[in-house]
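K.L.:
Protein chains in written order, with the numbering used here: chain A, 1 to 114; chain B, 115 to 229.
Note that these hints are calculated values from the structure, not bench results. Small disclaimer: the values here were computed from a predicted structure and weren't measured. In this text, a Cβ means the ideal position worked out from N, Cα and C, and glycines have one as well. Certain hints may be false.
[As the list claims (entries may be wrong)] Sample of chain B residues facing chain A (criterion: CB under 7 Å; computed from the structure): (1) SER157; (2) LEU158; (3) ILE207; (4) PHE220; (5) GLY221; (6) SER222; (7) GLY223.
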Amino acid sequence: AQSVTQLDSQVPVFEEAPVELRCNYSSSVSVYLFWYVQYPNQGLQLLLKYLSGSTLVKGINGFEAEFNKSQTSFHLRKPSVHISDTAEYFCAVSYSNTGNQFYFGTGTSLTVIP
Amino acid sequence: GAVVSQHPSRVICKSGTSVKIECRSLDFQATTMFWYRQFPKQSLMLMATSNEGSKATYEQGVEKDKFLINHASLTLSTLTVTSAHPEDSSFYICSADPGSGYGYTFGSGTRLTVV
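All chains should be modelled from the sequences, with the hints used to inform the complete structure.
P.N.:
Given below as structure tokens:
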């Protein structure tokens, strides 16, 4: 079965410090990878996506992620976080053999501490 | 950019009544839309795939008679929660593909509270 694992359910980090949110997926076929952010009581906003090409993907709000096929990972990073980055972050995967269906991780709650 | 509008954003209803949630693609046509459900502090779970002009495809464990989906046009899909009960209280989110090459656009969600 296809699955997405976000190992850290909660990540507290001080303001202006770097952060990495981890995401691993199971796959034996081609994948498309996404990171979404959800602010309280809101829908999901796309941060970045990997479809093909360069394994380092840059997104909005200073976030970037690196696709590592050998480790089946797609970790999200930001070199310096702001208070406004406090939110829930979801990793999502779409597999080439499942059409357009998305599989979401359980989410990581990022809390930026002043 | 591609926008998916979801309405209402919040709704409170009495147990036993039905609630309709609308999902509209504002500047693109969507032959397929997706409905998700999110419980507090949990991830999104796909409930069903809405197909324009045909029956929706429901995920295993989702009651199709309780969660009625209608996709009557290329820009509108509706989810009706019939005979709602408190356990149906949840955050419902729809999404659609604007055709830009993956990266589905999500609606802002509907917070349903059944009292």
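K.L.:
For every hint, state whether the structure bears it out.
P.N.:
Right, here's what the structure says about each hint:
1. SER157: Where the cut-off is 7 Å and the nearest Cβ of chain A is about 5 Å from B/SER157, the hint holds.
2. LEU158: holds (5 Å)
3. ILE207: Holds, about 6 Å.
4. PHE220: Holds. Min distance 4 Å.
5. GLY221: Since the shortest Cβ distance to chain A is 5 Å, the answer is holds.
6. SER222: holds (4 Å)
7. GLY223: Since the shortest Cβ distance to chain A is 5 Å, the answer is holds.
Of the hints listed earlier, there is not a single one the structure fails to meet.
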